[in-house]
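Protein chains in written order, with our numbering: chain A, 1 to 324; chain B, 325 to 588.
Note that these hints are calculated values from the structure, not bench results. Be a bit skeptical, because a hint or two may be false.
Quick list of simulated restraints, FRET-style, between CB atoms [stated by the list, open to error]:
#	chain 1	residue 1	chain 2	residue 2	range
1	B	Ile-478	A	Asp-298	47 to 53 Å
2	A	Glu-114	B	Arg-348	32 to 38 Å
3	B	Gln-537	A	Asp-244	41 to 47 Å
4	A	Gln-88	B	Ser-513	32 to 38 Å
5	A	Thr-222	B	Val-353	45 to 51 Å
6	B	Gly-566	A	Glu-219	25 to 31 Å
Just so it is clear, the structure is predicted and the values come from calculations on it, not from any experiment. Yeah, the Cβ is synthetic: ideal placement off N, Cα and C, and Gly gets one too.
In case you want the letters, here they are:
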Amino acid sequence: MKKVGEPKGVWVFSENKDLMLELLGKGSELANKLQTELAAVLLGQNVENQAGELIGYGADKVYVVDSHLFKDLRAEPYVSALASLAKQYEPEALLIGSTKRGKEVAARIATRLETGCVPDCTHLSIDENGRLLMGRMVYGGNAVATHFSRVKPQVATVPQRAFEKLGHRERKGEIVKVDAELENPRTEIVEVKEIEAAKVKIEEAKVVIAGGRGVEKKEDFTILEELAETVGGQVAYTRPLCEDRKWFTDWVGLSGHKIKPALYVGCGISGVIQHVAGIRESKVIVAINKDPEAPIFDVTDYVVVGDLYRIVPALSAALKKLLK
Amino acid sequence: MVKIIACIKQALDVTELKVDSATRQVITVNAPRKISDFDKNALEEAVRLKEKLGGEVIVVTVSPEDATMTLREALAMGADKAYMVSDPSFEKSDTLVTSHILSEAIKKLGEIDLILCGEASVDSYSAQVGPRLAERLGVPQITYVRKLNLEGNIVTAERSLEDCYETVRAKTPALVTVTAEINEPRIPSLMAIMKATKKEIVAWKAGDLGILQEKVGEKGSAIQVTEVLAPKVERRKIVIKGETVEEIAEELAKALIKEGVVGR
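All chains, please: the whole structure from these sequences, using the hints.
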């Protein structure tokens with residue numbers, strides 16, 4: 001185990017391009033603070049032409065490993081590439097995008113490098129000792145814990161939309177092509193079923209109308225959809241509707257999408273802490289629930305005790321009238 | 325005959341945690357402990373595979389505290405034997421350390437077909453220990469699994485990813501982490517609970533696995549925690565009232581328009 005020492009760069013990696021640019025945005029702030037360089041790691045097949053864009057978004061250096069083995073996003077080639085590069089160049093910090101694939105890759109790299117990894121960081125900063133402070137939600141959203149790593153590289157994974165990308169500029173940077181020894185994948189893909197993507201990513205919706213267990217039938221979501229349509233928003237779901245009732249595939253909450261819309265309206269949602277963790281940063285929170293004791297009311301700006309089946313259509317009608 | 329290991333964590337029941345509002349400290353001392361939710365799914369899946377294919381399910385836990393009651397529940401759910409790797413020196417271990425202890429324990433259990441873990445724990449939700457364990461044991465990993473099948477030495481699993489369901493195949497031994505979608509964990513019958521009291525729980529300490537004290541706990545961990553604070557809740561809790569549903573709706577609509585969060 002190496003102790004934290006002379007900075008040799010902040011590195012970022014994600015297989016998701018948007019997330020990679022957001023990592024560069026945050027990474028450049030951290031690298032400036034440490035007076036070190038910011039490097040992106042680009043893994044793929046025939047990807048060198050993408051390096052220029054990464055430089056434009058803040059990378060001082062782009063390490064490129066080109067191989068057909070990266071095609072299907074199997075863990076092993078990614079882990080071996082990143083771990084061997086990190087062993088060779090010894091970065092100070094490594095930020096990896098918190099997709100499901102990114103998180104498993106990060107965990108394995110950190111193990112191979114005998115270091116820690118703080119997943120899903122929403123707060124990253126440099127303290128007076130030059131250490132990376134990594135903040136994340138713990139205890140099902142009950143608390144934010146701040147961590148640092150005694151060992152280098154300091155590894156964090158970062159969820160989408162936690163940080164902003166920079167504007168694209170014409171900049172000069174260095175492209176370093178590396179031949180890394182890659183491990184072959186040990187899993188084989190048999191079948192891929194695409195999940196139909198929502199029209200707008202839920203993270204990007206300005207208004208989110210969310211339904212929970214209080215919505216009795218899947219068809220009843222039409223009343224939430226009508227409200228969403230009235231205000232140009234998106235409908236979202238809680239985890240039980242997806243996993244217990246199997247009505248939908250993805251949910252808002254600690255283990256799903258974390259959103260920060262201008263307006264969140266929770267309909268028939270009790271507000272378990274894991275759900276609240278995913279909506280906490282919304283600007284205005286409205287909750288509609290029959291149960292006056294529902295915990296969601298503790299984290300609500302506008303409390304409506306009542307039947308969503310009556311309130312929601314009436315709210316759509318009132319907004320249609322007033323917004324005309 | 326298969327031999328399956330289900331790794332379980334004795335987690336804090338996060339729905340029962342209390343926060344001291346003055347200091348924003350989370351009070352964990354007397355909070356109830358339970359089998360972490362997704363680990364229950366992992367155990368249930370292990371037991372179902374055993375019921376189908378014949379064989380043995382072993383549960384393993386690593387904990388700074390005693391976990392006997394938690395393991396009794398796992399045994400009642402259908403595990404055949406439990407290993408409790410528990411040592412006060414494990415307090416404040418990070419996932420680097422926890423995965424090390426767990427891997428050393430599993431290495432002592434001989435040849436196995438599958439290791440099952442939950443996708444993450446309910447209290448820390450880091451999703452680190454499963455993949456780290458796969459790395460340490462040098463086995464293939466399949467994470468976020470919603471359907472699982474084992475035939476001979478081939479495991480086939482459907483993963484639930486952000487943009488797709490991906491079915492993959494790997495050779496055993498392999499490590500699989502499961503989501504809550506995969507099954508509905510059983511509630512043990514009274515008979516099963518009674519039977520479980522006769523099953524064996526083997527207790528190991530760090531020394532039994534040849535793990536040095538300086539490799540565990542805060543000393544052995546890379547990650548240190550500087551503070552844990554409850555987020556500030558600064559919501560207004562304005563109650564919208566009215567004689568009729570229409571009045572309530574109109575008052576709320578006006579408030580939202582005034583906030584500037586709806587409309588153009």
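Against the structure, the hints:
no., hint, result
1, Ile-478/B <-> Asp-298/A: 47 to 53 Å, "holds (50 Å)"
2, Glu-114/A <-> Arg-348/B: 32 to 38 Å, "holds (34 Å)"
3, Gln-537/B <-> Asp-244/A: 41 to 47 Å, "holds (44 Å)"
4, Gln-88/A <-> Ser-513/B: 32 to 38 Å, "violated (57 Å)"
5, Thr-222/A <-> Val-353/B: 45 to 51 Å, "holds (48 Å)"
6, Gly-566/B <-> Glu-219/A: 25 to 31 Å, "holds (28 Å)"
Checked against the numbered hints above, the structure violates only hint 4.
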